[in-house]
Amino acid sequence: MKRLIRTLGIAAVPMALILAGCSGGQSPAQPTEETGSGTVQLWDWSMSEDTQAILDLWHETHPDIEIVVTNPGSGPEYQAKMIAANAAGEGPDAAALLFQDLPAFISNGTIADSSAELAQYKDEYVPSAWAGVEFEGATYALPSDVAPMMFWYRTDLFEQYGLEVPETWDEYREQAEKLRQADPSKRFGNYSPMSTSGNWFIALTNQAECDWWKPKGDKWSVGIDGAGCEKVADFWGGLVGDDLVSTFKDRTPEWNAAISADQIVTLVGSTWSWRSLANNAPQSEGKWAVAPIPQWEAGDSVETFYGGATYMIPSNSKNREGAREFIHWITSDPKAVALREELLGNFPTTTASRETIDELAPPAFIANQPDFWVLADQIDATGRAISYGPDVPAAYSAYEAAFSTAVENGTSFTDALSQLNEAVIADMKKSGFTLAE
Amino acid sequence: MPAVMDRTTTPSTAAAPPSPPRRRRSRRGSTLAPWAFTAPGLIISVLVLIIPIAYTLFLSVRGAKVGAGLLGPRQEGFVGADNYASVFADPEFWASLGRMLVYGVLYAPPMMALALCFALIIDALSTRWSRFARLALFLPFAVPGVVSSIMWGFMYIPAVSPIAPLFAAIGVDLPNLLGKDWIFVALANIGIWATVGFNTVIIYTALRTVPAELFDSARLDGCGEWRIAWHIKLPLIVPAILLTTMFAIVGTLQVYTEPQILRPLTTALTSTFMPLMAAHDLAFIQNDLYQAAAMSVVLALLSLVASVIVLAFSRRRTPRGNS
Chain R
1 MKRLIRTLGI AAVPMALILA GCSGGQSPAQ PTEETGSGTV QLWDWSMSED
51 TQAILDLWHE THPDIEIVVT NPGSGPEYQA KMIAANAAGE GPDAAALLFQ
101 DLPAFISNGT IADSSAELAQ YKDEYVPSAW AGVEFEGATY ALPSDVAPMM
151 FWYRTDLFEQ YGLEVPETWD EYREQAEKLR QADPSKRFGN YSPMSTSGNW
201 FIALTNQAEC DWWKPKGDKW SVGIDGAGCE KVADFWGGLV GDDLVSTFKD
251 RTPEWNAAIS ADQIVTLVGS TWSWRSLANN APQSEGKWAV APIPQWEAGD
301 SVETFYGGAT YMIPSNSKNR EGAREFIHWI TSDPKAVALR EELLGNFPTT
351 TASRETIDEL APPAFIANQP DFWVLADQID ATGRAISYGP DVPAAYSAYE
401 AAFSTAVENG TSFTDALSQL NEAVIADMKK SGFTLAE
Chain B
1001 MPAVMDRTTT PSTAAAPPSP PRRRRSRRGS TLAPWAFTAP GLIISVLVLI
1051 IPIAYTLFLS VRGAKVGAGL LGPRQEGFVG ADNYASVFAD PEFWASLGRM
1101 LVYGVLYAPP MMALALCFAL IIDALSTRWS RFARLALFLP FAVPGVVSSI
1151 MWGFMYIPAV SPIAPLFAAI GVDLPNLLGK DWIFVALANI GIWATVGFNT
1201 VIIYTALRTV PAELFDSARL DGCGEWRIAW HIKLPLIVPA ILLTTMFAIV
1251 GTLQVYTEPQ ILRPLTTALT STFMPLMAAH DLAFIQNDLY QAAAMSVVLA
1301 LLSLVASVIV LAFSRRRTPR GNS
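Protein chains in written order, with the numbering used here: chain R, 1 to 437; chain B, 1001 to 1323.
Okay, chain R solo, but in the shape it has when bound (with noise of 0.2 Å):
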């Protein structure tokens, strides 16, 4: 046994060495030992070079604590990435979140209840954002961005093809075939079946009053097949068998190069949309104008959102007290405030901003329109919230699969409709959600 045991040994010592080999590689990116003094690892999808004034501003405000950013990406895989560092416990101890991403990660206690921290801040932002950052009553993260659904037009094309801005969504498809019919080459708008798209998709639903997931009591009502929803997916549905929309995958290369082509002469976009489009067609600069997005019925005004973000503090977080300090500062203070409208577009949440909005300068992009935030606020103070589902990514990958093939095959949207609730439905019953009959 001993002999066993050395000549293991002996077979053992160049095997460790060979493994201590492998990871010698990797071993200066372990993370070093936690002071616990001021140092917060941020994850934030949107920092990066362009975006070091923000960051320095705080440093120079705030020299005791040391934000250390890592960019992780945006993007579906947010939410995996996320869950899988805070339970290992080596995730950040700030980090931004989608709106849409706050029940999954509550499900999975990625996220805890941090009213006690977080929810003295109420009062500081608008409430259209504020609901996005509640579930049932306790406080979660603090809201950096809001975004407005708007419509997005082409002034000069507008002007050389006599189309007007829709009211409704029924002008919305006369105005499609009027453009259809003068020059076949150009398409009125696109719709994009790819799972990225789900925001804009739900956006869409919920200005019909469809809600995806609703709670009711300790159990979740799935309606993706109700009568909203129906309607919308009907009309988009409409539009695509006709030819009168693109079927592109939004901010793809053949959506880029229709775009500066200029064969989209439409988006039904939000506050951030600009910055695809100064990518793409920095030739249309000045050319484009913004407006309410169609309405269902002549003269309402429902109107819905196309994303937004927050910060969240993890529940794994090692500088709780850094991080709230920080994530407060970056969507509350003025300056910081100013520096994200500036260099990210996001449309400030505090209701001070909203304030002196009309002081607000419109991105360079779209400076033709000085009243851009204005119209913002405009929108998003009868902005309708959307209520968001604890299995978004599941939902999302299903409205690909379901539309995708639908646009493909020439088939009902509304048969995909039916697709991606019952999808829906087996995904979270089977993750134990209770449903509501």
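If you're looking for bench data, these hints aren't it; they were derived computationally from the structure. For clarity, every value in this text was computed on a predicted model and none was experimentally measured.
Covered stretches of chain R (in silico footprint by chain B; criterion: 3 or more residues with CB under 8 Å from a CB of chain B, positions within the stretch not fixed): (1) 104 to 116; (2) 404 to 410.
Residues from chain B that face chain R, not an exhaustive set, calculated with beta carbons under 10 Å: (3) Pro1073; (4) Gln1075; (5) Ile1157; (6) Thr1272; (7) Ile1285.
The C-beta atom is built at its ideal place from N, Cα and C for all residues, glycine as well.
Fit chain B to the supplied structure of chain R, relying on the hints for placement.
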């Protein structure tokens, strides 16, 4: 690994009996030494193969369920075969398997036929040309899948494709290669382009091991090059062809990079288009590692079954081919 140990132990134990006094020691030494020598390999395979497989199996019977209340918290626990049941009950999973089969049919047979043709042609070419042809065919295999997918993707997109105007110039209206009717052809084309050279080299190498005397005698008997290829070369390289079949099947089961990279370019590709994409979507988008593990196990079993069938077939064929 066990096969290697058998080979090393058997001769030494067989050699032991002639010298009785040293028998015990020699036997013990001979039983320990092989273990010591194979230990590094064993340990590595346990670390990087056995443990991950065991952990995947473990994860596949677990799940995180919301215990009570609106949002939990989620509790991890044993769920039995629930994940497997969900995988089998998921119509998208079956649809993705179906799409994989369509891809396989469009990819594997043409790829193998082309590889065989190329190998026979190269074998018949003069040395200088053969070297150039081998290199030219093999080069695409050295291009990473991501790069080749992006490259082909941009050639396919109607808006930016350089191919479409070329075809238009000679009066051919190219269909949308990324539309639902052509997407499988578009994907299979990338797969064939990337792997045909590798398989050509395998078959070509097998051809080079066929003794030249066979061809000489065949020629003396009046065989032309076609008949030599058909009656002599082909039967002798059956094992190599079976090996490429195996690669083609594995390549089909593992198809992921091309559709995943091309996905943003077309509505014909969804996030669950191929089985591996569906598994990736489950694990890293929907954050359901457990069901993703169950799906991976099912897919691994499928590829195991396919490999065993091909291997069994090759065992039956190989002796005949050699005799």
